[in-house]
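Please arrange chain B on chain A, whose structure you already have, making use of the hints.
Now for the letters of each chain:
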Amino acid sequence: MSDFDVSGNDKELQEFLMIEKEKAQVNAQIHEFNEICWEKCIGKPSTKLDHATETCLSNCVDRFIDTSLLITQRFAQMLQKRGGGDL
Amino acid sequence: MAAAKMEKGELMSQVKQQIALANAQEMLSKMTEKCFKKCIQKPGKSLDTTEQRCISQCMDRFMDAWNLVSRTYGNRLQREQYRSMDSVEEMSS
Numbered sequence: 001m002s003d004f005d006v007s008g009n010d011k012e013l014q015e016f017l018m019i020e021k022e023k024a025q026v027n028a029q030i031h032e033f034n035e036i037c038w039e040k041c042i043g044k045p046s047t048k049l050d051h052a053t054e055t056c057l058s059n060c061v062d063r064f065i066d067t068s069l070l071i072t073q074r075f076a077q078m079l080q081k082r083g084g085g086d087l
Numbered sequence: 088m089a090a091a092k093m094e095k096g097e098l099m100s101q102v103k104q105q106i107a108l109a110n111a112q113e114m115l116s117k118m119t120e121k122c123f124k125k126c127i128q129k130p131g132k133s134l135d136t137t138e139q140r141c142i143s144q145c146m147d148r149f150m151d152a153w154n155l156v157s158r159t160y161g162n163r164l165q166r167e168q169y170r171s172m173d174s175v176e177e178m179s180s
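Protein sequences, first through last, are from chains A and B.
Using our numbering, read the first sequence as starting at 1 and increasing by one per residue.
Using our numbering, read the second sequence as starting at 88 and increasing by one per residue.
In isolation and in its complexed conformation, chain B is listed as follows:
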């Protein structure tokens, strides 16, 4: 029984880890795509300092945007949930 419990916990943390990894990969690939598009107008022989500065700023802004979008969506989900709870109450009263 104890062994089964431990294995289950292990499975759960593995699942969480895999999801976190997939998330980070998604973030990385989107960030690369978007910031390449924004910062590299004409690809030259190397990344010059302006491009490098643009890329690091772009990464920071990308994270800001992601967090803001996440918060806005979270608020919306909550609002929609309250709304559907209200309409259930209306139906039952």
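Bound conformation, chain A alone:
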């Protein structure tokens, strides 16, 4: 039915799919952050997000990423100290 090569030889299509995939991953990440930080920062929903809540939300995202980076780093060190990939 189709004339183009879906198996990876169509460069334009490949690039398109790669970009869309990346965008979808970023989006999924935003959903995850939003879920985590909603729980941390939002009390009773009111008529607008107040300044303190906005600060909380954006700090929450940045500190979550920091935490994730720190744990990844430390975890890698833990694995190294154990001398290899064994857990």
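The set of hints was computed from the structure by calculation and includes no laboratory data.
Computed from a predicted model, the values in this text were never measured in an experiment.
Check before you lean on any hint, since a few could be wrong.
Said to hold, decoys possible - The calculated DSS-like cross-link candidates involving lysine-lysine, where the alpha carbons are at most 25 Å apart (straight line), are:
#	chain 1	residue 1	chain 2	residue 2
1	B	Lys124	A	Lys48
2	A	Lys40	B	Lys124
3	B	Lys132	A	Lys23
4	A	Lys40	B	Lys125
5	B	Lys103	A	Lys21
6	B	Lys117	A	Lys23
7	B	Lys95	A	Lys21
8	B	Lys117	B	Lys103
9	B	Lys129	B	Lys117
10	A	Lys44	B	Lys95
11	A	Lys44	B	Lys117
12	A	Lys48	B	Lys117
13	A	Lys21	A	Lys11
14	B	Lys117	B	Lys132
15	A	Lys44	B	Lys129
16	A	Lys44	B	Lys103
17	B	Lys103	A	Lys11
18	A	Lys23	A	Lys11
19	B	Lys125	A	Lys44
20	B	Lys132	A	Lys40
21	B	Lys117	A	Lys40
22	A	Lys21	B	Lys117
23	B	Lys95	A	Lys11
24	A	Lys48	B	Lys125
Quick look at chain B alone, frame taken from chain A:
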């Protein structure tokens, strides 16, 4: 050739559409879950007006929060990108 081009374009827009749909569904289900939790303390015989008002406010705040989180994450991604570009330059100089 023209037919192949058109089909490819069609495929691309279908992919985009499917992703947008999945996104909207994700948003809808998260929103329902979070706002139910916030607004319905004790489920009664029906949604009363206070609960309904709470739900619509909650939906608006959920969108606000989503947009803010999205912006913050976007800024962070950019910062990290610059940082990794800097460290590449340091290594090569």
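Hint by hint, here is what the structure shows:
no.: 1; hint: B:Lys124 / A:Lys48; result: 19 Å, holds
no.: 2; hint: A:Lys40 / B:Lys124; result: 14 Å, holds
no.: 3; hint: B:Lys132 / A:Lys23; result: 42 Å, violated
no.: 4; hint: A:Lys40 / B:Lys125; result: 13 Å, holds
no.: 5; hint: B:Lys103 / A:Lys21; result: 10 Å, holds
no.: 6; hint: B:Lys117 / A:Lys23; result: 19 Å, holds
no.: 7; hint: B:Lys95 / A:Lys21; result: 17 Å, holds
no.: 8; hint: B:Lys117 / B:Lys103; result: 21 Å, holds
no.: 9; hint: B:Lys129 / B:Lys117; result: 20 Å, holds
no.: 10; hint: A:Lys44 / B:Lys95; result: 48 Å, violated
no.: 11; hint: A:Lys44 / B:Lys117; result: 17 Å, holds
no.: 12; hint: A:Lys48 / B:Lys117; result: 19 Å, holds
no.: 13; hint: A:Lys21 / A:Lys11; result: 15 Å, holds
no.: 14; hint: B:Lys117 / B:Lys132; result: 24 Å, holds
no.: 15; hint: A:Lys44 / B:Lys129; result: 15 Å, holds
no.: 16; hint: A:Lys44 / B:Lys103; result: 35 Å, violated
no.: 17; hint: B:Lys103 / A:Lys11; result: 18 Å, holds
no.: 18; hint: A:Lys23 / A:Lys11; result: 18 Å, holds
no.: 19; hint: B:Lys125 / A:Lys44; result: 7 Å, holds
no.: 20; hint: B:Lys132 / A:Lys40; result: 30 Å, violated
no.: 21; hint: B:Lys117 / A:Lys40; result: 15 Å, holds
no.: 22; hint: A:Lys21 / B:Lys117; result: 21 Å, holds
no.: 23; hint: B:Lys95 / A:Lys11; result: 12 Å, holds
no.: 24; hint: A:Lys48 / B:Lys125; result: 15 Å, holds
In the structure shown, a violation is registered for the earlier hints numbered 3, 10, 16, 20, in ascending order.
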